[in-house]
Structure formats: structure tokens, C-alpha cells
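So the sequence shown is numbered by this note's numbering: it starts at 1 and just counts up by one.
Derived from the structure by calculation, the hints contain no laboratory data.
Careful: at least some of the hints might be erroneous.
Ranges between beta-carbon positions, derived for each pair [as the list claims (entries may be wrong)]:
| no. | residue 1 | residue 2 | range |
| --- | --- | --- | --- |
| 1 | 41 | 173 | 36 to 44 Å |
| 2 | 170 | 16 | 15 to 23 Å |
| 3 | 55 | 173 | 40 to 48 Å |
| 4 | 116 | 238 | 29 to 37 Å |
| 5 | 228 | 45 | 44 to 52 Å |
| 6 | 274 | 88 | 17 to 25 Å |
| 7 | 21 | 268 | 39 to 47 Å |
| 8 | 13 | 51 | 28 to 36 Å |
| 9 | 250 | 13 | 20 to 28 Å |
Below, computed lysine-lysine pairings styled on BS3-like, alpha-carbon distance capped at 25 Å [as the list claims (entries may be wrong)]:
| no. | residue 1 | residue 2 |
| --- | --- | --- |
| 10 | 267 | 257 |
| 11 | 146 | 256 |
| 12 | 146 | 257 |
| 13 | 146 | 267 |
| 14 | 274 | 286 |
| 15 | 231 | 256 |
| 16 | 256 | 286 |
| 17 | 146 | 286 |
| 18 | 282 | 257 |
Glycine is no exception: its CB is placed at the ideal position from the N, C-alpha and C atoms.
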Amino acid sequence: MAISLLIWIWVTQVDYIPGLPPTTIADLPTFFHGAGRELLHRVLEAISNANKAQCLLFTSVHELEEAAIHALTAKLPMPVYPIGPMIPYFNLQSNGICGGITNSDDDNSYFQWLDSQPRESVLYISQGSFLSVSSAQMDEIVAGIKDSGVRFLWVTRGDCSRFRDGIGEFGCLVPWCDQLKVLCHPSVGGFWTHCGWNSTCEGVYAGVPMLTCPIFWDQVLNSKLIVSDWKMGWRAMNNDHKETLVTRHEIAQIVKKFMDSKADERKELVNRAKSLQEICRKAIEKGGSAASNLADFLREIL
């Protein structure tokens, strides 16, 4: 009975927050429940201080979160400027790779490896630099990725011994990479992400479908945006049973299905990702929402 009640609470829909589509408790930011509530006071303090601001800048794209931005604009007394995506896309343009055209003269070995892979065949994997899954879960993820037979570029820091055995020519491990440039590479067809906001925006800008593996803070809600609202990704792991290990078999199955270029579900993800990419890129063009909002902000303060 207790377990059933817990599951019922976890999947209960919250449908009364202005600008937010119906969302389960499990998909709300972690400071609303469980151990994450220890940080709730900081969030409330930040929100209180926001009322003292002359204006608010958001690193989001107006068209991607239109309802939420309209709700904030109606509620707050100051101007709200969504000026995203705040990512280094200008580096792509200046280096001649905007739109997925790579620079084959790049001196990084991982780009040379990417250049040698088939188009949209590589899963780029990054779990972020701040928090990670448990050691046991990471073992299952590593085994599942290897078992899937999918090509991958994996950013991993520290001890790499668990990753190296058996990856062969299908995998490339790096301690760091130019993430946005990697995501825009033609051989990259998927992004396993922790759903940090910058990474989420980079995935949208690159037009790459995402496998979500959120851990903390806003990552779980970003995952819900990617999967349920934008429909450009799948969940690699659900939020509702964090204590349960996702097995290597489950991970291998979803990775293979996710990267199967012949599958109709995959084609739908790609089409949706490209549609959102177009929205994102139009926002930063002259006359686009981000460019216009940034100009309005500068007029506000100058």
C-alpha cells in the first residue's frame, strides 16, 4: 500500500502553474521534493530578489517556451527578455562550419575520428561535469553502450579504465571536447545528455535528437521539455524510480533503437529536431526574437 501511494503521488499531474504544461511531480525540478528540498530556500531567495531587478534576461528562445515567457511577462513588473540560445554559435560561423560543415583541418584527434565515421552514426555522450549517476549505474550504462554496437564519442573525466575495455574502433573517449562543434558534425546523430540547460540549447541548435539522463536541479524538467513538449528525444532513464538500476540490456536496446536510421520513430525524432533547429537559428538572425530582445535590452540600459 505504501509503495502504491508513493507511485501515485510521484505520477500526479501538476496542472495549475501558469505557463507550464501539465507536469508530474517526478518531472519537477528536484528542489521541490526529496533531498533536493534542502536547496529550496535558495530558490525562493533568488525569486524574491528578482523583484528588485530592472529587467530579467533569460537564456531561452521565446518560441521554445512561449507560454512560460508570456506567463512571466504578465506576472512581473519589469521587462522580460529571452535572448537565447546563449551558446557560442558565432564560433561555428567564423570557422565555416555553421550548418554542419566541418573543418577537416581541425587538429583535434577526435574530429579526425568523427570525420572517418558514417553520417549520423555516432552517439555523443556527455553526463556533465558537476554530478553523475551512481557507480553501479555507470557500470550498466558503459556495458549497455558497448553491447549496443553503436558508434560513440564519450566525454569522460578521471579514471577511464571501465570505459576502455572492448570499445574497439567503434568508440572514442576524450576528457573534453568542443561540444557544440561536435554536435554540429555530420557524423553525430544523437546526444546522450544530462540535460543541463546549455547542453539542451546546444542540442536544439545542432538539430540532434537527444537521449535524456537527468540527475538534479532543473535537468529533470529540461528532460520533460525535450521528450514530452518538444518531442525531439527519448528518456534513457525515467525519473520516477531513481533507486532502481537500469540494466545494460535495457540501455543497449534503447540506444540501438534510438540510433536506427531506418526506424520510423527515429525519422520522426530527426524531423522534429530539424524543425526546432530552424526555429532556434531564426531567433538569432537579424529581426529574430533573440536579436530583437537583445537590442531592446540594450536600449533599456543605455
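Results for each hint:
| no. | hint | in the structure |
| --- | --- | --- |
| 1 | 41 with 173: 36 to 44 Å | holds, 40 Å |
| 2 | 170 with 16: 15 to 23 Å | violated, 48 Å |
| 3 | 55 with 173: 40 to 48 Å | holds, 43 Å |
| 4 | 116 with 238: 29 to 37 Å | holds, 35 Å |
| 5 | 228 with 45: 44 to 52 Å | violated, 30 Å |
| 6 | 274 with 88: 17 to 25 Å | holds, 21 Å |
| 7 | 21 with 268: 39 to 47 Å | violated, 20 Å |
| 8 | 13 with 51: 28 to 36 Å | holds, 29 Å |
| 9 | 250 with 13: 20 to 28 Å | holds, 26 Å |
| 10 | 267 with 257 | holds, 11 Å |
| 11 | 146 with 256 | holds, 11 Å |
| 12 | 146 with 257 | holds, 14 Å |
| 13 | 146 with 267 | holds, 23 Å |
| 14 | 274 with 286 | holds, 20 Å |
| 15 | 231 with 256 | holds, 19 Å |
| 16 | 256 with 286 | violated, 40 Å |
| 17 | 146 with 286 | violated, 44 Å |
| 18 | 282 with 257 | violated, 31 Å |
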